[in-house]
Amino acid sequence: MVKPKRRPRANGVLIAWVSVGVVVAVVLTVVLVKTLDSSGPQRNLFPAASSTVYDEVTSVPASVFNTIGVTSPTISVDPHTVFGVLKGQPKLTQHGLPAAFFYGADYCPFCAATRWGIIIALSRFGTFDNRTLYTMFSSSTDYAPNTPTFTFYNVGYHSKYFAFTGYEVQDRNHQPLMTLPNDIAKLVGQYNTSQTFPFMDIGNHTFVVNSAFDPLDLAGYTTQAQIASQLTNTSSAVTQAIIATANYVSAGLCASAKSPPASVCASPGVTAAATALGLKL
Amino acid sequence: MTTASAAAGRTPVTVTPAPTWVRWTTLALALLGLAASTYLTITHFEPRALHCSVNGVFDCAAVTTSAQSRFLGIPVAFLGLAQYVCMTVLCTPQAWRSQRREVHLARLVFAAVGMAFVLWLLIAELLIIGHICEYCTGVHVVTFALFVCIVTTVPSMLGWGEER
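Chains as they are written, first to last, in the numbering used here: chain A, 1 to 281; chain B, 1001 to 1164.
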């Protein structure tokens, strides 16, 4: 009697190559999905600034920061009513890095003025996603109407020194825009009890509340490009106010950042700001 | 092992040797992966040591500081380092010559789990974070090459797919 042959097991080599094929198929699918997705519309609602404006804002020469320092002979830049330092607070971190966040609204003219200095300061430590800034104007019906600025709405920022997130809770027409996560809302409630715009918390150590200079000082400038093109002119009053703000914000970031770059944090402009704020770098 | 199996009245199970090129290629790949994952682990704890290009697509700081850079609270870079420490041990010539099936099964499992993790990280980089980290991609390529070498070798070594 012939014993029936056992059915052979599935061929091991075939299974091996099928599993390799599955991996390759998954990789190709992900790449394809990404390619199709990136050809879609911009995720941000607002117009992107030109690459020229982006470069002018994010590549201010070190000599400009150091020449201007923390004062302007024309525009009052008062750190003590705007910048606060709190010691002994629990460190604000995100994914293991020191963290900072901005709390503001697109309609707010004081936010419009302050964002210039914040963006310039942030650019010294990292980059904005896709090397893009999105243009915004403050409310047309509020104080200092139509102040040219940028928005942090849906803007990603990455630095190896700290994490930063911007929250714009209302749009230019006072309509709700972004919702604060619970932990951020708690910090705003704790450190900005009056819910003032703009507010920036740098590591629960340095705080920016309100604008360091009057947004009316930007009156006469109708586009971001006009202001950006002035950022290398150290005798421009607007540039002085913006860069002084940037030096103060930079000092706050240096005080909280993880191993911050000496090229920024030991620069004369930043050390002058740190001294004025009583920050140890 | 052969003696014990014979004593138990069972047919001894042998492990077919792997081709020489597989042994050395996998060891070289494992060492490459170990070097890259060591660097990524160091930069996770010391971000200043991270040197990478930043443009629209490549931005390793964006990846290594993202929410996806941790898995169950553990830094992914550290998991990669642990994976490659084990994989390097499992890809030494001595391990490849081992007659213990568990050694080869462990190598296969590590390769498969590593590959699955790499696929998740690729999805995270491209579809969630929107940036690619070149060092991570280097580890991913090495993991894929190791996966191909191991998955096309180990089943044959263990006699899978042969008729009884």
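Source of the hints: derived by calculation from the structure; they are not laboratory data. Any given hint could turn out to be false.
[Claimed, not checked] For lysine to aspartate or glutamate, the following DMTMM-like pairs were computed, each having C-alpha atoms within a straight-line distance of at most 25 Å:
| id | chain 1 | residue 1 | chain 2 | residue 2 |
| --- | --- | --- | --- | --- |
| 1 | A | K34 | B | E1102 |
| 2 | A | K258 | A | D171 |
| 3 | A | K258 | B | E1134 |
| 4 | A | K34 | A | E56 |
| 5 | A | K34 | A | D129 |
| 6 | A | K186 | A | E56 |
None of the values given here were measured: they were computed from a predicted structure.
For each hint, the structure was consulted:
1. Between A/K34 and B/E1102 the alpha-carbon distance is near 39 Å, which puts this suggested pair outside the 25 Å criterion.
2. Restraint check for A/K258 and A/D171: the C-alpha separation of about 33 Å exceeds 25 Å, so the hint is violated.
3. Between A/K258 and B/E1134 the CA atoms are separated by roughly 22 Å; this keeps the pair inside 25 Å, and the hint holds.
4. A distance of roughly 30 Å separates the Cα atoms of A/K34 and A/E56; the hinted pair therefore is violated under the 25 Å criterion.
5. Between the alpha carbons of A/K34 and A/D129 the distance comes to roughly 16 Å, so the proposed pair stays at or under 25 Å and holds.
6. For the proposed pair A/K186 and A/E56, the alpha carbon gap of about 36 Å is over 25 Å, so the pair is violated.
In this structure, the hints that do not hold are numbers 1, 2, 4, 6, in rising order.
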